[in-house]
Amino acid sequence: MLTKEDMIVVKQVRIAKDTYELILEGELTLQMNEPGQFIHLQIGNGREHVLRRPISMADVNGNQLTIVYRIMGAGTKWLAEREAGDAINVLAPLGNGFPTHAISNTNILLVGGGVGVPPLYYLGKKLKAQGNRLTTVLGFQTKDAVFYEQRFRELGDCIVTTNDGSYGQTGFVTDVISGLTEINRYYACGPTPMLKAVSQQISVPGYISLEERMGCGVGACFACVCSTIDGNDKKGYRKICQDGPVFPANEVVLV
Amino acid sequence: MLTKEDMIVVKQVRIAKDTYELILEGELTLQMNEPGQFIHLQIGNGREHVLRRPISMADVNGNQLTIVYRIMGAGTKWLAEREAGDAINVLAPLGNGFPTHAISNTNILLVGGGVGVPPLYYLGKKLKAQGNRLTTVLGFQTKDAVFYEQRFRELGDCIVTTNDGSYGQTGFVTDVISGLTEINRYYACGPTPMLKAVSQQISVPGYISLEERMGCGVGACFACVCSTIDGNDKKGYRKICQDGPVFPANEVVLV
Amino acid sequence: MNLAISLPGLDMKNPILPASGCFGFGKEYSQFYDLNQLGAITIKAATGNGRYGNPTPRVAETSAGMLNAIGLQNPGVEAIVAEELPFLSTFHTPVIANIAGSTEEEYTHVAKVLSESGLVSALELNISCPNVKEGGIQFGTDPVLAASLTRKVKSVSNVPVYVKLSPNTGDLKGMAKAVEAAGADGLSMINTLIGMKLDLQTGKPILSNKTGGLSGPAIKPVAIRMIYEVSQVVHIPIIGMGGVTCAEDVLEYLLAGASAVAVGTANFTNPLVCPEIIDALPETLSNYGYSSIEECIERSHKNDPASSLISRS
Amino acid sequence: MNLAISLPGLDMKNPILPASGCFGFGKEYSQFYDLNQLGAITIKAATGNGRYGNPTPRVAETSAGMLNAIGLQNPGVEAIVAEELPFLSTFHTPVIANIAGSTEEEYTHVAKVLSESGLVSALELNISCPNVKEGGIQFGTDPVLAASLTRKVKSVSNVPVYVKLSPNTGDLKGMAKAVEAAGADGLSMINTLIGMKLDLQTGKPILSNKTGGLSGPAIKPVAIRMIYEVSQVVHIPIIGMGGVTCAEDVLEYLLAGASAVAVGTANFTNPLVCPEIIDALPETLSNYGYSSIEECIERSHKNDPASSLISRS
Ligand SMILES: Cc1cc2nc3c(=O)[nH]c(=O)nc-3n(C[C@H](O)[C@H](O)[C@H](O)COP(=O)(O)OP(=O)(O)OC[C@H]3O[C@@H](n4cnc5c(N)ncnc54)[C@H](O)[C@@H]3O)c2cc1C
Ligand SMILES: Cc1cc2nc3c(=O)[nH]c(=O)nc-3n(C[C@H](O)[C@H](O)[C@H](O)COP(=O)(O)OP(=O)(O)OC[C@H]3O[C@@H](n4cnc5c(N)ncnc54)[C@H](O)[C@@H]3O)c2cc1C
Ligand SMILES: Cc1cc2nc3c(=O)[nH]c(=O)nc-3n(C[C@H](O)[C@H](O)[C@H](O)COP(=O)(O)O)c2cc1C
Ligand SMILES: Cc1cc2nc3c(=O)[nH]c(=O)nc-3n(C[C@H](O)[C@H](O)[C@H](O)COP(=O)(O)O)c2cc1C
Ligand code: FES
Ligand code: FES
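Residue numbers (this note's numbering), protein chains in the order written: chain A, 14 to 268; chain B, 14 to 268; chain C, 2 to 314; chain D, 2 to 314.
Because the hints were derived from the structure by calculation, they are not lab data. Since the structure is predicted, the reported quantities are computational estimates derived from the model, not experimental observations. Possibly wrong hints are sitting among the right ones.
Stated by the list, open to error - Label pairs and their computed distance ranges (CB to CB):
hint, chain 1, residue 1, chain 2, residue 2, range
1, D, 92, A, 206, 48 to 58 Å
2, D, 117, B, 96, 55 to 65 Å
3, C, 300, B, 179, 21 to 31 Å
4, D, 280, B, 94, 23 to 33 Å
5, A, 206, B, 94, 42 to 52 Å
6, A, 116, C, 106, 48 to 58 Å
7, B, 57, D, 175, 33 to 43 Å
8, D, 149, C, 12, 46 to 56 Å
9, B, 57, A, 28, 22 to 32 Å
10, B, 77, A, 156, 17 to 27 Å
11, C, 236, B, 100, 46 to 56 Å
12, A, 170, D, 292, 36 to 46 Å
13, B, 96, D, 175, 49 to 59 Å
14, C, 145, B, 94, 45 to 55 Å
Said to hold, decoys possible - No farther apart than 25 Å at their CA atoms in a straight line, the calculated lysine-lysine pairs in the PhoX-like style are these:
hint, chain 1, residue 1, chain 2, residue 2
15, A, 248, C, 28
16, C, 153, C, 178
17, D, 113, B, 248
18, D, 153, D, 113
19, D, 174, C, 211
20, B, 90, D, 205
21, C, 178, D, 211
22, D, 178, C, 211
23, D, 155, C, 174
24, C, 205, A, 90
25, B, 90, B, 17
26, D, 174, C, 205
27, C, 28, A, 247
28, A, 90, B, 17
29, B, 17, D, 28
30, D, 28, B, 247
31, B, 30, B, 90
Said to hold, decoys possible - Computed footprint of chain C on chain D; a stretch qualifies when at least three of its residues, placed anywhere within it, have a C-beta under 8 Å from a C-beta of chain C:
hint, segment
32, 62–74
33, 191–198
34, 216–229
35, 246–256
All C-beta atoms, glycine included, are put in the ideal place defined by N, C-alpha and C.
Just chain A, with the same shape it has in the complex:
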């Protein structure tokens, strides 16, 4: 049975401009082991904010879960105000994450953009432990927004780009990727234009994680659908919350 839990804030740290790392503790964490899955957070008592907010798991350690998020609006602002000891109601783990089963001894590329970076960290840790070689390319708008570079460096190569050139290489992640060779497989998470560019650029098998505004987060409301690329697909659509958020790069239409 799926359930919800009041998870307890262990720690909250600002790690970049408007970007926070939050550690939560609770029983539900014991069910979390698939990178790319997400948790669905209630904002306040859920009366002013009736919709939960989907945030990816960035790391899992015992009964502690790490998430990293950027303040975008009222919900993430509320999250950023939580302090150690506060409770946050969570549904988790939801969706299907990045497939990692039986993947080893492979040259893997991780591509993250902005707040698409966090789930790749948990993924990278797992893939590294399974004996893969990792290269990570992280794209940010500007220097102030950069986070987790050091952590990814501990997993393998890590190249950072900023759009304005204020840190790392100037430009987009795709500028860097074009120079990478010997990649057998990739995983990407970030803004849709980035996912589109990356999946067009790389021909090896890849998995991408999508975002969409969600209602239920569990597959019941049809808020978060996208079309399949295969016109003969029986359903013709996928629900991002339930079938995703991770899909094979060639499965769904990116708009």
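Here the structure of chain A is known, so what remains is to put chains B, C and D with the ligands in place on it, guided by the hints.
Then chains B, C and D with the ligands, alone, in the frame of chain A:
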């Protein structure tokens, strides 16, 4: 200029069934010196609960204000959950309180019912300090609801009634009052039926404090009006928040 | 406490049912609790053929509410009967099928297929979806069209038909009386109000459909008022909905004139909201002095001769 | 940043004004701040004779909103001119008088007295008060009556006339076009939605008038949608309102097609809300890339040829 302030919770204690005493600290307290005035409390960030809640001042000491309230619904429930250090946004002091100016050496009766009791305590302290003799009659539903008896006893005689006879004298405050003689003046606060009965029963000058559902709390919205008894009154009505909540017993119609 | 209530076609263990479109076809929430606990289940709207619905974004949050413009996405009535209803029939909980269409023919086709499937206990005629260009709201704002549609659907259906009304009309009482006269066995109300939210960066509506249906606690006062007024002018039962989140809300709906209460948006906030409400109902009702659901309904204003009609519609 | 905006009869320092009925006649809030800060001030509805209004309780809280059934209490137009307006005329802030009545004659009398007083810059014709049996809403739901009333009021008024529309109608665009054709200089929208809340103890409505007008953040999506739609079919400016609590809300209204924005209920939550919004506007607008109020309005969808009309009303 009137203003609002984030007052800080110093202490919160449960003093009877569903009844709490809350001490708040802030600059605004320095403007509070008229018993019977009220403060207007914002609930949460004011988005789910757009209306403030009116609560009487029960005591004032330096920059600390005491209120006593009973949990009736969502707003008072929220109040009861505040802890030391939390901030509560307050407008105060509002309205016109009990007239005490130049009153001394008088036999005064205080009549309070339920959560109408709190403002009488601050009033009683002040009247006693001005050299008056006080008798207090407090009516409660039942034993569990009784509070502040001891405090009023420190100011003079104090008789408690409970409707169900589980504490003090059985019955209503009016049953007790009929036996009191040599009263020169009275002040009453409590449910409207009590105020009505008391003001019909006692012929000496009296002041009563009224309650009504409020919008603005400052006189701008006409939510809280009551009619004047005097049919020739120019306006014909009073705003409880602005003209009251305290009125001479013969000024307004009680319904 | 006895929470049971009987409505046309629906023998309910309790008055709580999920609202259409907020519960899919039941599978997802069956991962959270045993659906046997529910009074009934309303499934997502069915149309003749499968529909993909509107482009995304399809939802946006508002103060104490949300907008949706799903656009009646569903796999089509045949697939629903073949692939979705069998799962629900494993529970001892009556199923209400919400039906929609672009034309009277589509509505009657869907109604016929569903009622003949033997897998649903009642139909809910959705003439109030604000999110599709055709197939819903035009029937929901014209009493003559609505009555004609109701009559046609009744004639092909062997289960009771509830008509789901739109609040986006000036004359809801007229509409209610028209569909009652046309044979509706009950009413469902309310569907969503039409609303919009803009993206402050782009200046454009957040929903790709521009407008969406407003649901959640924000609309409860509008729903309560409509049910209070309509329940005085019809004799068929009302399934009430709009912003229900707790047992107190359920009591308010019963007192306003509803006989059962559906929960929509709150499922998204709290997937366990329906069983939690059902658990809380006995204590809540008795706190307020009621000893059964029937008693709340009997004591509601619609059975109070002193409760005069409100003249404004 | 230049926040100034000019509307018929109203030279406003900024687009923010308190909404009618939520600001009395200004005195109370002048205890909190200097009313010169405001773009304009809308005063409580005036009727021919003084009215006491409805019995109490007159307000009730709902999720992110409130209900009111004040019932147009006011001292009557003569007393307003003699006792209330002189105070407001000590400020350099234009005053809009909200006018109501039971008959066309009462409306025109009130309009005449106020416009001849020389103390108001514009009239706001309240044909949308849901809380009185007569004098408001019947004019607000019938375009023919509304147009006739607008024409009569215009003919006696020497200041511009804004017509305040009711959301409780199925055809708001028709109504807006009718009053524009009848000479309205601008529109105010929206007034409150009709709602109700029950007392769970007694089972009866909390408001003694039973129904009341729903205002506050809960109704903002409904207001935004209506302004977005109406602003595409009329050429007169719109004063937008409904649930405004912050500078972001103001921007949303401007982008939806409003030219000025009124704040009602939020004054009760926060008596300093209007000056706080005005202070926050420059930074908020520039955060979103706008350099003036005019620019927000110009960039709003109503000036965007690509913004196609919404066909449903
Ligand atoms: C599967 C998934 C995983 C995500 N993981 C992360 C993460 O690890 N870190 C992170 O910073 N962000 C992540 N996001 C985006 C995050 O959900 C939004 O930034 C957040 O919901 C914004 O909420 P808000 O209240 O601050 O903003 P508002 O704009 O005030 O939110 C209003 C509504 O819009 C929705 N919404 C707004 N933006 C988005 C968006 N980009 N995606 C989905 N819904 C949105 C909100 O959920 C809410 O319902 C993820 C989104 C999805 C779908
Ligand atoms: C001048 C004045 C002084 C008061 N002093 C005290 C006091 O010292 N201690 C105390 O316990 N109570 C006092 N009250 C009553 C108190 O305001 C209400 O019990 C409280 O507002 C209930 O809020 P709630 O959210 O818990 O209840 P809800 O019923 O959920 O409140 C919903 C709405 O109704 C209003 N409301 C409900 N009951 C009342 C009421 N009896 N009077 C006014 N508004 C009401 C609330 O303010 C709110 O707007 C006073 C009321 C007034 C008018
Ligand atoms: C995401 C979503 C989808 C909906 N889909 C349907 C539908 O298919 N058919 C229908 O009749 N009502 C539909 N509704 C309306 C609900 O059934 C309900 O009438 C409305 O949301 C009010 O209840 P609530 O406030 O509890 O959500 C939908 C509502 C939401 C939020
Ligand atoms: C207590 C109260 C009294 C009101 N009185 C009037 C009125 O006299 N005339 C009028 O046109 N609108 C009146 N309104 C409606 C407001 O002016 C405004 O249109 C509505 O409340 C929506 O704005 P808000 O959500 O910011 O409050 C009143 C609203 C409230 C809450
Ligand atoms: S969010 Fe409801 S189906 Fe995905
Ligand atoms: S509460 Fe607004 S006038 Fe008294």
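Hints, verified against the model:
1. Distance hint check: the CB atoms of residue 92 of chain D and residue 206 of chain A are about 52 Å apart, consistent with the given range 48 to 58 Å.
2. For residue 117 of chain D and residue 96 of chain B, the Cβ-Cβ distance of about 59 Å falls inside the hinted range of 55 to 65 Å, so the restraint holds.
3. The hint said 21 to 31 Å for the Cβ distance between residue 300 of chain C and residue 179 of chain B, and at roughly 29 Å that hint holds.
4. Remark: the range hint 23 to 33 Å for residue 280 of chain D to residue 94 of chain B is upheld by a beta-carbon distance near 32 Å.
5. Between residue 206 of chain A and residue 94 of chain B the C-beta distance comes to about 45 Å, which sits within the given range of 42 to 52 Å.
6. At roughly 53 Å, the beta carbons of residue 116 of chain A and residue 106 of chain C sit within the given window of 48 to 58 Å.
7. At about 40 Å, the beta-carbon gap between residue 57 of chain B and residue 175 of chain D stays in the expected band of 33 to 43 Å.
8. Between residue 149 of chain D and residue 12 of chain C the CB atoms are about 55 Å apart, so this pair conforms to the stated range of 46 to 56 Å.
9. A hinted range of 22 to 32 Å for the beta carbons of residue 57 of chain B and residue 28 of chain A is consistent with their spacing of about 29 Å.
10. The given range of 17 to 27 Å is broken by residue 77 of chain B and residue 156 of chain A, whose C-beta atoms sit roughly 48 Å from each other.
11. For the hinted restraint 46 to 56 Å between residue 236 of chain C and residue 100 of chain B, the CB-CB distance of approximately 53 Å keeps it satisfied.
12. Roughly 44 Å separates the CB atoms of residue 170 of chain A and residue 292 of chain D, a value that falls within the hinted 36 to 46 Å.
13. Against the hinted window of 49 to 59 Å, the Cβ-Cβ separation of residue 96 of chain B and residue 175 of chain D comes to about 55 Å, which satisfies the hint.
14. A hinted range of 45 to 55 Å holds for the C-beta pair residue 145 of chain C and residue 94 of chain B, which are about 53 Å apart.
15. Note on residue 248 of chain A and residue 28 of chain C: the hinted pairing holds, with a Cα-Cα distance of about 17 Å set against a maximum of 25 Å.
16. For the given pair, residue 153 of chain C sits about 17 Å from residue 178 of chain C by alpha-carbon distance, which is consistent with the 25 Å threshold.
17. With a C-alpha separation of about 24 Å, the suggested pair residue 113 of chain D and residue 248 of chain B falls inside the 25 Å cut-off, and the hint holds.
18. The straight-line distance between the Cα atoms of residue 153 of chain D and residue 113 of chain D is roughly 10 Å, inside the 25 Å bound, and the hint therefore holds.
19. A C-alpha spacing of about 17 Å is found between residue 174 of chain D and residue 211 of chain C, which places the hinted pair at or below 25 Å, so the restraint holds.
20. At roughly 23 Å between alpha-carbon atoms, residue 90 of chain B and residue 205 of chain D fall within 25 Å of each other, so this suggested pair holds.
21. Only pairs whose Cα atoms come within 25 Å are accepted, and residue 178 of chain C paired with residue 211 of chain D is accepted, the gap being roughly 22 Å.
22. Straight-line distance between C-alpha atoms of residue 178 of chain D and residue 211 of chain C comes to about 22 Å, which keeps the hinted pair within the 25 Å bound.
23. With a C-alpha separation of about 34 Å, the suggested pair residue 155 of chain D and residue 174 of chain C falls outside the 25 Å cut-off, and the hint is violated.
24. For the hint pairing residue 205 of chain C with residue 90 of chain A, the CA-to-CA distance comes to about 23 Å; that is within 25 Å, so the pair holds.
25. For a cut-off of 25 Å, the pair hint linking residue 90 of chain B to residue 17 of chain B stands: about 22 Å separates their Cα positions.
26. With a CA separation close to 20 Å, the supplied pair residue 174 of chain D and residue 205 of chain C stays within the 25 Å bound.
27. About 19 Å separates the Cα atoms of residue 28 of chain C and residue 247 of chain A, which keeps this hinted pair within 25 Å; it holds.
28. About 24 Å separates the Cα atoms of residue 90 of chain A and residue 17 of chain B, which keeps this hinted pair within 25 Å; it holds.
29. Between residue 17 of chain B and residue 28 of chain D the alpha-carbon distance is near 17 Å, which keeps this suggested pair within the 25 Å criterion.
30. With a C-alpha separation of about 19 Å, the suggested pair residue 28 of chain D and residue 247 of chain B falls inside the 25 Å cut-off, and the hint holds.
31. In summary, the hint linking residue 30 of chain B to residue 90 of chain B is supported, as the alpha carbons are separated by about 13 Å, within the 25 Å threshold.
32. As drawn, the segment 62–74 of chain D meets chain C at 5 residues by the rule of a beta-carbon pair under 8 Å; at three or more, the given contact holds.
33. Coverage of the segment 191–198 of chain D by chain C holds [criterion: at least 3 residues with CB-CB distance below 8 Å; count 5].
34. For the segment 216–229 of chain D, the stated coverage by chain C holds: 10 residues have a C-beta nearer than 8 Å to a C-beta of that chain, and at least 3 were required.
35. Only when three residues or more bring their CB closer than 8 Å to a CB of chain C does the claim for the segment 246–256 of chain D stand; here the count is 4, and the claim holds.
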